[in-house]
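**Q** Single-letter residue listing:
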Amino acid sequence: MTTKEYNECVSEHADGLFRFVIKNLNDKFEAENIVQNTFKKLWVRIEHIDFKTVKAYLYKIAYHEMIDATRRSNRFLTLDNASSVISDQKDYDNLMDYVNKALHELPKQQKCVVLLRDFEGYDYRSIGKIMDMTESQVKVNIHRARKKIKAYISKLELMIL
Amino acid sequence: MRLNDENYEWIMVELLEGNLSKKDELLVMEQIEEDEFFFKQWKLFKHTEIQADILVNFPNKENLFKPVVQSPRRVVPFYGIAASIIFGILVIVFWPSKLSEKELVQLVQPLDYQSIETLATEKNEVIQEVENITQETPSKHNHLVDLSDSMEEIVFTKPAEQTNERIPVIEDSTERNDKIVNVFGDKFLVMDHPDAPDTSVVQQMINRDKLSKNELPLEPKIGEKLIAFVTNRPVRRVRDKTTNIVHKMKNPNLKIQPTFEGRNSTLDIHFESEGYVAMANFQPFKNKN
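Protein chains in written order, with this note's numbering: chain P, 1 to 161; chain W, 1001 to 1289.
Just so you know, the hints here were simulated from the structure itself, not pulled from any lab data.
By construction, the Cβ of each residue, glycine as well, lies at the ideal position given by its N, Cα and C atoms.
Please note that a few of the clues may not be correct.
If you want the ones that stay clear, here's a sample from chain W, every Cβ over 12 Å from chain P, calculated [said to hold, decoys possible]:
1) Glu1014
2) His1047
3) Pro1059
Reference excerpt, derived from the structure (chain P facing chain W, CB under 10 Å, subset only) [as the list claims (entries may be wrong)]:
4) Ala14
5) Ile49
6) Val54
7) Tyr98
8) Ala102
9) Val114
10) Phe119
11) Lys147
12) Ile149
Calculated Cβ distances over 12 Å to all of chain W for the following chain P residues [what the hints assert, rightly or not]:
13) Ala56
14) His64
15) Asp68
16) Thr70
17) Arg71
18) Gln109
19) Ser126
Whole structure, please, built from the sequences with the hints as guidance.
**A** Here you go:
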């Protein structure tokens, strides 16, 4: 991959990667560090990375960076404190807030799987490559995650339907 | 595919994920629209899709960009290849090769008559000077070679016309072994010398008026060696140099000592003039001299 391609990669994927990380960690400062480190690692291995597969490579690095970050500081939120820090964005309606709360209640793997699926539109195989899982495991995790989110918003009886 | 209380969640997630066929999608959607409970559950499942916050952007993106500079690791191989090609071309161009046909022809071209006349004049002057020296101090030069005698034996001949005509060569076999017919240099000299090579070889080369690689009778290495010997004119060069030096010196003492012992014959020249001594040693074929 050339420097020009690297810069294209930053333009195309930095924001999406940041959103993915901040949704997982719910920590803007930590998310910035992880994105920074992710691109730093990409730059170090720029000659060995194919531009066509760089997106999956970025998310894989970011995913492992997040795991390291949560191991260090146990950043993943529980349902009890999830309501306090969602995002800097104040434009969420109530339903969106509760969906985010439900999302942050999910186990790490289910949360990542859903975010990769919904944010980036990855298929099961690609998600499995990023997260070192089989397609079946990805599918099972997505089913469980959606059921839990659905159960959470229905339990709160937010009937804005 | 029928929806019921046990499988509706699995089927709705599959529908949401787009894993159902078109036919199954239509069938499931009909059931969802017909049943209020399933419709309500479907609405909830549709909200499980997480929407990206497109307004959230990475704030330090500018710091991630790198200046587009050609990596030296990518440039070096290019210059290396270019340098190798240039080096190869230079080696091919400047590689020492055998004498070309043109060079061989040039070697046998006679020079003008003017230079011969000049040498004849110098010769007379040198002979005169040597005679004067030997007459002045005969006892002092007893051990030296009588240069005047040897110089007297030098016979100058007028060359053939400045054309490509065959150069006249002494054909007499008795004379042939006693004389060097030097036709390859800048002057025509016929001089007696015991070290003279067989003139038949020279004759053989002279006869090659129209030299070409295909017509060369000798093997390349032997031919080149012979040409180098003849064109370098070791004996004549020694005599010329000696004559020139003696001509410029005052009251010179000269001793020429040929040595034929050992593998290589040598010629030692010893000069002495006004307290200064110069010695020279000539070895044919050593360093092409």
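**Q** Hints numbered earlier in the text: which of these fail when held up against the supplied structure?
**A** 1, 2, 3, 5, 6
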